[in-house]
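Undergrad: As given, the protein sequences belong to chains A and B, one line each in that order. Under the numbering used here, the first residue of the first sequence carries the number 29, and numbering increases by one thereafter. Under the numbering used here, the first residue of the second sequence carries the number 92, and numbering increases by one thereafter.
Some hints could be false.
[As the list claims (entries may be wrong)] Incomplete in silico selection of chain B near chain A, CB under 7 Å:
{"no.": "1", "residue": "100"}
{"no.": "2", "residue": "106"}
{"no.": "3", "residue": "121"}
{"no.": "4", "residue": "195"}
{"no.": "5", "residue": "199"}
{"no.": "6", "residue": "200"}
{"no.": "7", "residue": "238"}
{"no.": "8", "residue": "241"}
{"no.": "9", "residue": "260"}
{"no.": "10", "residue": "266"}
{"no.": "11", "residue": "270"}
{"no.": "12", "residue": "272"}
{"no.": "13", "residue": "290"}
{"no.": "14", "residue": "294"}
Since the hints were made in silico from the structure, they are not lab data. Predicted, not measured: the structure shown is a model, and the values here were computed from it. Glycine included, every Cβ here is placed at the ideal spot set by N, Cα and C.
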Amino acid sequence: MSGGTYLGMPAFPKAAHEAVHNQTLRGNLRHATHTIRAKRAKAVAEVSDWAELREAGKQIKDHTLRHLDRYLVQLEESVTAAGGTVHWAADADEANRIVTYLVKATGESEVVKVKSMATQEIGLNEALEAEGIHAYETDLAELIVQLGKDRPSHILVPAIHRNRGEIRDIFAREMSEWGRPAPEGLTDTPAELADAARLHLREKFLRAKVGVSGANFMVAETGTLVVVESEGNGRMCLTLPETLISVVGIEKIVPTWQDLEVFLQTLPRSSTAERMNPYTSTWTGTTDEDGPQDFHLVLIDNGRTDTLADEVGRQALRCIRCSACLNVCPVYERAGGHAYGSVYPGPIGAILSPQLRGTQSEIDASLPYASSLCGACYDVCPVAIDIPEVLVHLRERVVQGGTVTREGAKVVLKPAKGHAAERAAMRAARWAFSHPGALRTGQRVASRTRRFHPRTLPGPGKAWSETRSLPAVPAEPFRDWWQRTRSGQRPQDGPQGGPQGGPPGGLPGGKDTSK
Amino acid sequence: MSGSRDLILARVRRALADVPPDDTPYDQAFARPYLREHGHRSVAGTVDLLAENLADYRALVHRCAAGELAATIARLLDERGSTAVSVPTGLDPGWLAATEVAQVPDSAANTPDELDRVDSVVTACAVAIAETGTIVLDGSPDQGRRRITLVPDHHICVVRVPDQVVTSVPQGLERLDPARPLTWISGPSATSDIELDRVEGVHGPRTLEVVLVSGE
Chain A
29 MSGGTYLGMP AFPKAAHEAV HNQTLRGNLR HATHTIRAKR AKAVAEVSDW AELREAGKQI
89 KDHTLRHLDR YLVQLEESVT AAGGTVHWAA DADEANRIVT YLVKATGESE VVKVKSMATQ
149 EIGLNEALEA EGIHAYETDL AELIVQLGKD RPSHILVPAI HRNRGEIRDI FAREMSEWGR
209 PAPEGLTDTP AELADAARLH LREKFLRAKV GVSGANFMVA ETGTLVVVES EGNGRMCLTL
269 PETLISVVGI EKIVPTWQDL EVFLQTLPRS STAERMNPYT STWTGTTDED GPQDFHLVLI
329 DNGRTDTLAD EVGRQALRCI RCSACLNVCP VYERAGGHAY GSVYPGPIGA ILSPQLRGTQ
389 SEIDASLPYA SSLCGACYDV CPVAIDIPEV LVHLRERVVQ GGTVTREGAK VVLKPAKGHA
449 AERAAMRAAR WAFSHPGALR TGQRVASRTR RFHPRTLPGP GKAWSETRSL PAVPAEPFRD
509 WWQRTRSGQR PQDGPQGGPQ GGPPGGLPGG KDTSK
Chain B
92 MSGSRDLILA RVRRALADVP PDDTPYDQAF ARPYLREHGH RSVAGTVDLL AENLADYRAL
152 VHRCAAGELA ATIARLLDER GSTAVSVPTG LDPGWLAATE VAQVPDSAAN TPDELDRVDS
212 VVTACAVAIA ETGTIVLDGS PDQGRRRITL VPDHHICVVR VPDQVVTSVP QGLERLDPAR
272 PLTWISGPSA TSDIELDRVE GVHGPRTLEV VLVSGE
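One chain only, chain A, in its complex shape (with noise of 0.2 Å):
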C-alpha cells in the first residue's frame, strides 16, 4: 500500500502511551468529544423514531452489500448515460494514477479538495505533489492539518486534537507559504480564525479548474452523488471548477433515491448533532452550463472486496463515517486519533483498517485490541455496526491465524507471534485442568511457595502485570479447605451445615490477612 497509510506505526500501546502523557492533547480532545456527546444525544433524542431509522439503514446497506456487483454495475451506467466517466482501481497506487493522469490531462497544476476520507485513505495529495500538481485542502479542519504539516486525528473533525490557540499560531506562521497570508494581530476566537480561512482559500475557489470530492452517498438507480458539507467548501468545489473528479469507495452505494431520506435523517444527527447539515449537494452526471463540465467518477476498491469476503468483518462497510462512535470511546478520548495509525481512528477504525490493509503489520495486528469492549460505539452506530463483535472476531484472527481474503484471493494467515506465550499459558491451562492429580499438587506447591511469589511477571507475562495485580494465592487451596472442612458433605448439603467464615487466606478477590 503506497502513502497515506503510516507504514512504519508502532502499536497502538505504544502510540497511545506517549499521547496519554499529553496534557494539551487530552485536554482539546475531552472538551471537544463531551461537547459533541452531550448535543448528539439532543438531536437524536428529538427524533422518535430513531430506532425504525437506524434499523432501515442497517438493513439497506446490508442489502446493498449483498448485491455489490449488480449495483455498481447500475451504478456505472446511470452515471455514465449522465455525463460522466467511470473508472475502477483495484488499489490506492491504481486510483492516484488515474486522478493524477485526469488532472494531467487538463494542463492544470494544482487542483481545490473537498474534505474525503477515501483521498486521504490512498494518500492522494501526496501522489499528486510526487507529479508536481498541488492539492489544497479546503475544509477548514483539513486546512489547519496541511497547514500545519500534521496528520489529522478524526474522521469529522481532522484538527479536534488541536486548541484554538495552536490554529492561531499555524495560520498566522504558514498561511504566507501557501498563498494569502493570515491578516495581522490574528486572534484566536473561531469566527476570526474562520474569516481568515475564508480569504486565504477564496483566491484559490475562483481560479481553481480542477475539484477533487469524495462522496458520502451514491445512487445507482439515478447516478447521483451525495456530498454533506457545513462550510461551503464542498459547494465551491463541486460547482465552480470545470472538472470534477471525485474519489469513492465502492460501499457508498445505496440503490435508490427514496433510500437517503434514511441517511439524510441519520447521518447530520449522528455527526454533527444538526437536524441537518448547512450544505447537502447533490449532482447527477453533469449539468449543461451549470458546474463542472467533465465528470470523473473513480471507484476504489483499496480491500473493501476482502473485507466484504469475511461474513461477520463485512459489516464494517455499512460505516456511513459519521464519527460517533469516536466521540464515546473512553480509549479514543484518552490516546487520540494519531495512536490508531490510520485515516480511520477510534472504534471504527481499529475494526476498517485492520481489514482494509490486513493484519500483517505491527499497528494492524495491534488495532483489535484497542478496546475495553464497553459496547459504546454499537450503541450510538446509525448503521448498527456491531463493533465489539468484530473486535473479538478480529483478535481471534490475530492469535490464532486461519484463512482470509487478501487482493482477491484465499491466503492462510499464520497465528501472530507476539500471542505465542498466551497461547502455550492456555495449552498448559487445559492440561493442567483436564489432570486432577497433577492440579492439586501444583496448587499446593504455590501456597507453600506463596511467600517467594514475585508481584510482576517475568518475561513475556511482564507486560501483562505491568497494568495488573497478580492475583494473591491463598495459604490453602479452595479444595484442600473443602475437604478439610466439609468432608463426606456433598457441595449441595454446604449452605447449611457448613463451617462458620471462610477458607484460611480468603476467596479469590478476598483480603488475605493471614500473613
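On the provided structure of chain A, position chain B as indicated by the hints.
TA: Leaving out everything else, chain B in the frame of chain A:
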C-alpha cells in the same frame, strides 16, 4: 482500466459466495417502519415550524404577503447596503420592481471573479423542509446556476408558503428531481472545526435571509 473493472466485480462475486442466488429482492428486503413525518400539525403550524428551525440555525426569517414582496426585497437589499444583485433569468421581474440596486443577470459568461464582486443574490426555491429548517434549490430558471447562491455573501431566498413547504425529509425527497443539481441549505454556512464550537459563516453566503411569502 476495464481490467480493474472486471477484477473488482469478480472479487465482489467471490466475496459474496455465501449469498444465495435467490436472495430477497430489494422491494422485499426491508420494511420502512420509520415515520413519514414527526408529529401532526396544521398547515400553518408546519410553516411556523419551518420559520422556527430556520431561525434556530441563524437564518433571518421574514414574512410578507405577495403584494408586499417587492418592497420587502428592496428593503432587505437596502439594509444590507448592496450595490449589485445577481438575478436568475427566470425570476419574476416583479420581485425586483421596487429596488434600485444594479441587477446582474445570471449568465454562463460571468467569471467567478465577476460574481465575487456582486453583493447579494435573490432566488426562489424548489421546496422547503420544516422539520430540519432546510430550503432546497434545484437550478430551475427562477433559482439560477448553483454558483450564484454561493459566491455572493448575502442570499435572499423566497419561499411560497404553504405550497412549497413540506414537513419532513422523506416528503422533500419525493418532490425533488434527482436529475437536477440540488443544493440543500440549512442556515448560513458554518463550521465546528475549532474545538467543536459552531461558527456561522465560512465560505458560502454568511447571511441567509428567507422570505416566507403567502397569497397570490
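Undergrad: Hint by hint, say whether it matches the structure.
TA: Now for the hints, and whether the structure bears them out:
1. The restraint placing residue 100 of chain B at the interface with chain A holds, with a minimum CB-CB distance near 5 Å, inside the 7 Å limit.
2. Hint status for residue 106 of chain B relative to chain A: holds, with the closest Cβ pair at about 4 Å, below 7 Å.
3. Against a cut-off of 7 Å between C-beta atoms, the interface hint on residue 121 of chain B holds, since the closest Cβ of chain A lies about 4 Å away.
4. Checking residue 195 of chain B against chain A by beta carbon gives a least distance of about 16 Å; that is not within 7 Å, so the hint is violated.
5. With a least beta-carbon distance of about 4 Å to chain A, the hint placing residue 199 of chain B at the interface is held under the 7 Å criterion.
6. Hint status for residue 200 of chain B: violated, given a least beta-carbon distance of 10 Å to chain A, over 7 Å.
7. Evaluation of the residue 238 of chain B hint against chain A yields a held restraint, the C-beta minimum of about 5 Å falling below 7 Å.
8. Look at residue 241 of chain B: its Cβ gets to within about 5 Å of chain A, closer than 7 Å, so that hint holds up.
9. A least Cβ separation of about 5 Å between residue 260 of chain B and chain A falls short of the 7 Å threshold, and the interface hint therefore holds.
10. The restraint placing residue 266 of chain B at the interface with chain A is violated, with a minimum CB-CB distance near 12 Å, outside the 7 Å limit.
11. With a cut of 7 Å, the hint placing residue 270 of chain B at the interface with chain A holds, because the nearest CB-to-CB distance is about 5 Å.
12. Hint status for residue 272 of chain B relative to chain A: holds, with the closest Cβ pair at about 5 Å, below 7 Å.
13. At about 5 Å, the closest approach between the beta carbon of residue 290 of chain B and any beta carbon in chain A falls short of 7 Å, and the interface hint on this residue holds.
14. At its closest, the beta carbon of residue 294 of chain B sits 4 Å from a beta carbon of chain A; the interface hint therefore holds under the 7 Å criterion.
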